[in-house]
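Q: For the protein sequence lines, the chains are A and B, in the order given.
In terms of the working numbering, the first sequence is residues 1 to 197.
In terms of the working numbering, the second sequence is residues 198 to 455.
What the hints contain is simulated information worked out from the structure, not anything from laboratory work.
Take every hint as true, because none was put in to throw you off.
Below are the DMTMM-like pairs computed for lysine to aspartate or glutamate, each with C-alpha atoms no more than 20 Å apart in a straight line:
| id | chain 1 | residue 1 | chain 2 | residue 2 |
| --- | --- | --- | --- | --- |
| 1 | B | Lys318 | A | Asp185 |
| 2 | B | Lys318 | A | Asp126 |
| 3 | B | Lys318 | A | Glu186 |
| 4 | B | Lys318 | A | Glu181 |
Residue-level listing of the chains:
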Amino acid sequence: LLDRRAALLRDLEALLFAAGRPLSLALLAAGLEHHGEAAPAEVQDLLRELAERYPVDGAHGFELAHLAEGWVLRTNRLTERALAALTESSARPRLSPAALETLAIVAYCQPVSRSEISEVRGVNSDSALQTLVERELVAEVGRRPEGPGAVLFGTTDRFQLIFGLESLTALPPLEGFQADEGAADELRRRLGLSLPA
Amino acid sequence: LYDVRQQRKKCDQGGQLKLLDLELDVYQGPFDLLFTLILKEEVDVCEVRLTDIIVAYLDALLETGRTDWDGLSEFLVLISSLLELKSRLLLPGQVPAEDELDPATAAELLIERLLRYQMFKGASLGLQERLVENQGRLLRPADPPLRQTPVELPAASQDPRILATAVSRLAQARQGPDASHISPARIDLRRQIAHIRRMVVSQGRFSFEERFGREEPMTQAISLFALLELVAEGSIRTSQSRPFADITVMRREGRRVA
Numbered sequence: 001l002l003d004r005r006a007a008l009l010r011d012l013e014a015l016l017f018a019a020g021r022p023l024s025l026a027l028l029a030a031g032l033e034h035h036g037e038a039a040p041a042e043v044q045d046l047l048r049e050l051a052e053r054y055p056v057d058g059a060h061g062f063e064l065a066h067l068a069e070g071w072v073l074r075t076n077r078l079t080e081r082a083l084a085a086l087t088e089s090s091a092r093p094r095l096s097p098a099a100l101e102t103l104a105i106v107a108y109c110q111p112v113s114r115s116e117i118s119e120v121r122g123v124n125s126d127s128a129l130q131t132l133v134e135r136e137l138v139a140e141v142g143r144r145p146e147g148p149g150a151v152l153f154g155t156t157d158r159f160q161l162i163f164g165l166e167s168l169t170a171l172p173p174l175e176g177f178q179a180d181e182g183a184a185d186e187l188r189r190r191l192g193l194s195l196p197a
Numbered sequence: 198l199y200d201v202r203q204q205r206k207k208c209d210q211g212g213q214l215k216l217l218d219l220e221l222d223v224y225q226g227p228f229d230l231l232f233t234l235i236l237k238e239e240v241d242v243c244e245v246r247l248t249d250i251i252v253a254y255l256d257a258l259l260e261t262g263r264t265d266w267d268g269l270s271e272f273l274v275l276i277s278s279l280l281e282l283k284s285r286l287l288l289p290g291q292v293p294a295e296d297e298l299d300p301a302t303a304a305e306l307l308i309e310r311l312l313r314y315q316m317f318k319g320a321s322l323g324l325q326e327r328l329v330e331n332q333g334r335l336l337r338p339a340d341p342p343l344r345q346t347p348v349e350l351p352a353a354s355q356d357p358r359i360l361a362t363a364v365s366r367l368a369q370a371r372q373g374p375d376a377s378h379i380s381p382a383r384i385d386l387r388r389q390i391a392h393i394r395r396m397v398v399s400q401g402r403f404s405f406e407e408r409f410g411r412e413e414p415m416t417q418a419i420s421l422f423a424l425l426e427l428v429a430e431g432s433i434r435t436s437q438s439r440p441f442a443d444i445t446v447m448r449r450e451g452r453r454v455a
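With the sequences and hints as input, model every part of the structure.
A: Next up, the structure:
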């Protein structure tokens, strides 16, 4: 007979294998309930053991990853060529620069409306936004309560999965992309404006 | 005018536009000179057809066969400032009372916007890097699909008043747009009777469905009343194979219809 921990690990593995999407700690704990109450700390400990068993870029064909505020099993990157022979859908999603810019604005400013996106980019971004919605990277998340109730957009869990984010807070801070001091002067020069004294 | 002069100053270095020769109703000569004359108010911009200038420029562009990007952007700047000047002169009462930004503030605002855009551009390149780093991994699709996890809301977090406001807003949105400025369809019985009379005379017979089937319901109804009127009057005959089927309208032999 397996001891309790081994049984928990077995079931945890099954849950992660079957889910196909990140499972939160709470969901995993709910799946293990029939073993008697599993405290989040215990589940976390079990996950740590599984993460050691299936490390990222390790010796196994799949790996345990902490993504989108949950845990998920995915294939090892090193198996990409083997999978390419069998799968039709590309594991290398491509996005146009316009779509990536729009995605960056949604990711950092969410929830954000169409017009706010266009304002930052200086051009209408509807088609880029549409592409992102179709690719399930961005979704409608609600409406602005005031005014005419503009539709608001936010990123999806799939966005975090594809971009390898543990959570939205794992995005590098936006300030880090701020242009350096010389950039403003360079812009002034290119626009033919005089430099401030 | 101040703005136009500024644009002019900025665009003056290239000078390719001096080569653009114009033959307009009010002016013949190089574009450059026209610009000067407008600025000196010796030519009234309201009398210049700006489309003619654009057409002349496009012709010249096609003739040379090469795209001179500097010249093109210079032209766009100048012609748009002329357009703005002209529209303001044509609509003097319509000039918005908004406070005009002085060029320095406008430039600073533009630079601020561009810097903000550059920041997001940088962030998008960061995302691109992440995308590449995380490529080449697959998830298995769940089979069978997972049950939707119910969203747990803290008790009493929902305020029924918010729902009421939302529903009333929905109800308001249902009221269609105000179309009172659109004049109603002009159709009346007398005209429709005359119309059908003419059709019967010219065509002998016609199908009601074919002729009126795609009209608006009101037109169809009035046409049907007209038909009944004409039948009662005895000037036409109608036949219908069964109720609700198409009606064939025919001239009544031996009777004058017109």
